[in-house]
Amino acid sequence: MSTRRLAEELARLRAHRSSRTTGTEDLPTDIVEFTKKAFDIDELEPWQEEFLRSESRRILLCVHRQGGKSSLTSALMLYEALHNPGSLCLVVSVSLRQSLEFFEKFSAGFRRLRGKNLAVPEPQSDRKLGIKLSNGSRVEALPGGTPASIRGFSAPAIVCIDEMAQTSEALLAAVLPMLAVSENGGKLYGLSTPFGRRGSFYRLFEEGGPEWERFRVPVTESTRVSAEFIAEARANLLPHEFASEMMVEFTSAHTSLFDRDALEDALDDSFEPLFPEDEAV
Amino acid sequence: MIYDAAKIPSVQRQQVTYVAGLDLAMERDSSALSVLRCQKAPDGSIRLSLAHLDRWWASYPETHRHVVQTLSRPPLPGRCLLAVDSTGVGLSWVETFKLDPQVRQLVGDDRLVPVTITAGRAVTRSGQFLRVGKHRLISELRTALARKTLTISKHLHFLPELLAELDGFEAQVRTSGSLAMGNNPKLVKHDDLVLSVAIGVVAARVVFGEVER
Chain A
1 MSTRRLAEEL ARLRAHRSSR TTGTEDLPTD IVEFTKKAFD IDELEPWQEE
51 FLRSESRRIL LCVHRQGGKS SLTSALMLYE ALHNPGSLCL VVSVSLRQSL
101 EFFEKFSAGF RRLRGKNLAV PEPQSDRKLG IKLSNGSRVE ALPGGTPASI
151 RGFSAPAIVC IDEMAQTSEA LLAAVLPMLA VSENGGKLYG LSTPFGRRGS
201 FYRLFEEGGP EWERFRVPVT ESTRVSAEFI AEARANLLPH EFASEMMVEF
251 TSAHTSLFDR DALEDALDDS FEPLFPEDEA V
Chain B
1 MIYDAAKIPS VQRQQVTYVA GLDLAMERDS SALSVLRCQK APDGSIRLSL
51 AHLDRWWASY PETHRHVVQT LSRPPLPGRC LLAVDSTGVG LSWVETFKLD
101 PQVRQLVGDD RLVPVTITAG RAVTRSGQFL RVGKHRLISE LRTALARKTL
151 TISKHLHFLP ELLAELDGFE AQVRTSGSLA MGNNPKLVKH DDLVLSVAIG
201 VVAARVVFGE VER
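Sequences listed follow chains A and B, in order.
Position 81 of the first sequence, counting from 1, maps to 81 under this note's numbering, and the rest follow consecutively.
Position 196 of the second sequence, counting from 1, maps to 196 under this note's numbering, and the rest follow consecutively.
Everything hinted at is true.
Between beta-carbon pairs, the in silico distance windows are:
{"hint": "1", "chain 1": "B", "residue 1": "Thr124", "chain 2": "A", "residue 2": "Leu267", "range": "30 to 38 Å"}
{"hint": "2", "chain 1": "B", "residue 1": "Leu99", "chain 2": "A", "residue 2": "Lys128", "range": "54 to 62 Å"}
{"hint": "3", "chain 1": "A", "residue 1": "Asp259", "chain 2": "B", "residue 2": "Val89", "range": "27 to 35 Å"}
{"hint": "4", "chain 1": "A", "residue 1": "Phe153", "chain 2": "B", "residue 2": "Gly44", "range": "57 to 65 Å"}
{"hint": "5", "chain 1": "A", "residue 1": "Pro239", "chain 2": "B", "residue 2": "Ala41", "range": "31 to 39 Å"}
{"hint": "6", "chain 1": "A", "residue 1": "His240", "chain 2": "B", "residue 2": "Gln39", "range": "30 to 38 Å"}
{"hint": "7", "chain 1": "A", "residue 1": "Arg127", "chain 2": "B", "residue 2": "Arg147", "range": "52 to 60 Å"}
{"hint": "8", "chain 1": "B", "residue 1": "Thr96", "chain 2": "A", "residue 2": "Gly209", "range": "41 to 49 Å"}
{"hint": "9", "chain 1": "A", "residue 1": "Gly209", "chain 2": "B", "residue 2": "Trp56", "range": "25 to 33 Å"}
{"hint": "10", "chain 1": "B", "residue 1": "Gln39", "chain 2": "A", "residue 2": "Ala155", "range": "47 to 55 Å"}
{"hint": "11", "chain 1": "B", "residue 1": "Thr96", "chain 2": "A", "residue 2": "Asn184", "range": "55 to 63 Å"}
Simulated from the structure, these hints should not be mistaken for laboratory data.
Every residue, glycine too, gets a C-beta built ideally from N, C-alpha and C.
All chains, full assembly: derive it from the sequences and hints.
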């Protein structure tokens, strides 16, 4: 076979591969309908629909435990991967175990869609912490314990930092520059329950600029968690744990030896540093 | 013995307007230097203001040069006490540092205080050395913040890093039941800025007679 014929054959195979899907029905284009199908959910809570439909490119999701943070962001990444061929989505978690857990949610949604006779691209490589689809899209789950090790990805469409309150500032510093050349700056989601009044999640939630859209959902606003369960949690958890895990309040971290309020009180704008010329560097 | 008889309580206090705390780099850490401005309040207590904060990654000889360079900058010469973490390898650094004639000129014998961080809780003096339990070291810093006797300039370049280190500084109960204090590595990689400020705070309070040993 000549080189020209080989090249033509290769192009034909590539075209065939990129159009290979498991079913025939069109995927829902509405993100809410898409999420309901992928995760077998009948009804979403109002804030969940609002979050899914948000067009903000920087979102902080401060939601009570079991509030659906991971499932919703998995749905957004799945939607991106299936509807935008060649896209890259990243999820960074605080540990390998949590990366696996998050990616399992994503994979479950993907498998569910494949089982519904929908036109879902087939996986080219399906690993424990990542997948590449026949349409060229990739989703990678990365353990973020060592921020330096996650550098190297560029122009992702979506980056999601899971349990962001428990990650280091260095992780955000490693992640944000990845979006520098993404289309329209890409999308960055930080999802977490609070972990004291510290870290990038707290800082951005309290002091971040207007580019950040914030969702704060205590368990008492959930339609899926019963009043009985909330009463049980209130009775059995320590007050600061209930406040943090269920009511999503940024309480002073009980493990930190330095009280955030005392630190903020200590800051003084009125005196100049010893060497002012050094501080501007 | 390189160090003169203990002079810490008898340092001529009127000559000390600044106290610098130096935390020396260990294997993976950076070195950090903080400078506190000391002022007497009307009630006689000492008010400390964190007016300089620096951090760098360098060899010990380069650190030597960097510290001398900082201490040479006005208004520090002759008015600054330098407290240096001399735990472990820090001691040999301090000994070399003290032999430098420029250091003698800038700081003087009685204003270079090696601080050994111990596992205990007390502040004791051994020769010119201060021996400070880590619990006590951190406790002094916490107390200074809680009593508002320590203020921090908002204009410091390394302020965000210091606040992150303070936020991530935790106490953890070991399996043996003892309490360990240090940075939570999940949240923050270093604690050198915190330790440099804490060393400075303890040394200042000892010099001005505010710490019961």
